[in-house]
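Asker: Residue-level listing of the chains:
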Amino acid sequence: MSVAPTPGAPATGAPKKTSWTTRTREVAVENLPPEKLLPDSQPVYVASWIYVFGVASIASLIVIIASGSILALKGPAWWHYTGIGLFFNSTHLWAVELFFFVMVVHLWGKYWMAAWRGGRKRVWVTGAITFIVAIPCALTGYVSQQNFDSQWISTQAKDGLNSMGIGAFFNVTNFGQMYSYHVLLLPLAVVGLVTAHILLVRRHGVVPPFELDTARAGDAARAGDAARAGAASQSSPPERTPAPSGVERPSSAADGAPRS
Amino acid sequence: MSRDDTKPWGGAYAPYDLVKELCIAVGVIALLAVLLTVLFSSPDDKPSTVAQWSRTMPVDFVTTATAELEGTSTTAAYGPPYNHNGEGQHIAFVELQKWLGVSHPINTANDYVIDPLRSVPGNPALQSAISTYRAAPAKTQKEWTENYSKALEKATVGPNGAVIVPAGSYGPVPVMMNGLLALAQSGGLDGALLTSSQFYQTDYTKPLLFMADGGLLAARAEEQHLLGDQWGMMNETGSYPGQVWLWLYTLWYQVEPFKASANADALVMVVMGVLSLLFICVPLLPGVRSIPRWIPIYKLIWREQYRAEQSGA
Amino acid sequence: MSSVGTAVLGAVFNLNHPAHVVHWHFFQMSVSNILVIGLMLVVFALAIALPFPGAARRRESRS
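Protein chains in written order, with my numbering: chain C, 1 to 260; chain S, 1 to 313; chain U, 1 to 63.
Okay, chain C solo, but in the shape it has when bound (with noise of 0.2 Å):
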């Protein structure tokens, strides 16, 4: 007898091989498992407030464009005639200083930490990008001001793109296509950028610190590959310090060979 099936329920009998659906939520679900999207432990070397500057950044990102799009609701011109429009501009102008300055911290960690290593280079190259796709961002909403700063920025900027022939099809002089550069086209790329940047990050998880010397670099080496044979062979998840009561260990794909 058929059964009608339940919304959301998998597909009775054996799913096509070739479904989309299926395939993008597999590879999806293999490279980040709930618990490794959402840890709710990371590891004791997470001991430093240089780790902050990070969530800061994207702290600083929200507040950017929870201020933009009160701007954004209001029209260019609203915030030159009100007290409240100026107030909302001039938080969208100094949260903009505070993710630049805060970028830079984590820049600047992340650099003197190597977080590269160990399969992270996409991490650091989508760090990088974000922070040069954040300077036309920034441009475009400078230009779209509506003032005198507007007018001597664009006719300077200009120069620079016209001399590499960006400036056939970018005109920092023209204000509509500046303004939807500004709210829309550019705030979605360096979103975009921050989410796969994050997800690397949750992938690959935060990179260890550098072995103090060879020597201990050789036992820590020899410990961890002791302990994982010992584990293989017992079919259990390697071993390790036990979690306090309550802390999920993360999925053991973190552990795993670093994939780059």
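In case anyone wonders, no lab produced these hints; they're calculated from the structure. A couple of the hints might just be wrong.
Cβ-to-Cβ under 7 Å is the rule here; a few derived chain C residues that face chain U [stated by the list, open to error]:
(1) A47
(2) S48
(3) W49
(4) I50
(5) F101
(6) L107
(7) Y111
Note that the Cβ used here is the ideal one computed from N, Cα and C, for glycine as well.
Please arrange chains S and U on chain C, whose structure you already have, making use of the hints.
Answerer: Chains S and U alone, transformed into the frame defined by chain C:
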């Protein structure tokens, strides 16, 4: 090639609430942004208009307009993307500015002088002057505008606001220029330059380039330390912090060979393009990627972990 | 900027005057920008130097 011997972490984990951390971060940053807003607000220097320019600096306005008519202004001789009157900048044989072509055509004589003047009603003397100018051979036009430009160096402003120059052979140019000055001072030129092709317009290229050819924007910029040789790219109007992240872009313009080069912009853009690529590729750069090992700031960052490992070992 | 806006939500400090600039050879920078860069360096140093909370919890996780 230095080996990346970073092993996957096989050590301990401790509870860490990422979502709470994000919420706290958003709260702190929002509070900081609001605090800075309350303390300092943000700058909003009013934009200049062609009307203001023509009223406060009439001789500069007329000098610029003459250069536009003559084809010797910065915009007139710029080249792509505005016209074909200049070669543009290049790096060796790579001439991207030229190759990408004229995408925003501006004929300075027509767009800034002739067409706006043609729209002025009820002034037959002005229309006759324009016709006389257009009918004259190119050599004569050039003679008139060159003489007039030279005379403007000794110009004065009359009681009725007109620009007065010593007597000379200028043809109909003074009538045209004073007609344009009157149009500008009335505010009509701002509108004419903006909406010349359509009613709804968001492209301010024409009026902006016209003003930039003159001295008003640069005079205001110099007051606010925004000029190129004042490292202006990094600065904001007033005493507000500016775009600190542009420090390296602006630094190149202050040193040779960029400073005196006709291709300074192209050179700086290429240098910064290369440096940006290198920045993206830091993990691949021998030496640069090893500096964090050689200068062990990491020992401070991870000191708690190292201490624990040493006491454990 | 409306005068109403200034009255209601005016800034505590008025920064709308030309910047003070530091000159040194060919180097020129506004005092505000120097302050920002200086603050970044100080914050970076403090971020590395200051102890991060939760040391006891991490010690417990290691044992």
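Asker: Hints first: check each against the structure and report whether it holds.
Answerer: Hints versus structure:
About 5 Å separates the beta-carbon of C/A47 from the nearest beta-carbon of chain U, less than 7 Å, and the hint is met. The restraint placing C/S48 at the interface with chain U holds, with a minimum CB-CB distance near 5 Å, inside the 7 Å limit. At about 4 Å, the closest approach between the beta carbon of C/W49 and any beta carbon in chain U falls short of 7 Å, and the interface hint on this residue holds. The beta carbon of C/I50 comes within 4 Å of a beta carbon in chain U, closer than 7 Å, and the hint placing it at the interface holds.
With a cut of 7 Å, the hint placing C/F101 at the interface with chain U holds, because the nearest CB-to-CB distance is about 6 Å. Look at C/L107: its Cβ only gets to about 10 Å from chain U, farther than 7 Å, so that hint breaks. Violation of the interface hint for C/Y111 is found here, the shortest Cβ-Cβ separation to chain U being roughly 11 Å, above the 7 Å cut-off.
Of the numbered hints stated above, those contradicted by the structure are hints 6 and 7, listed in ascending order.
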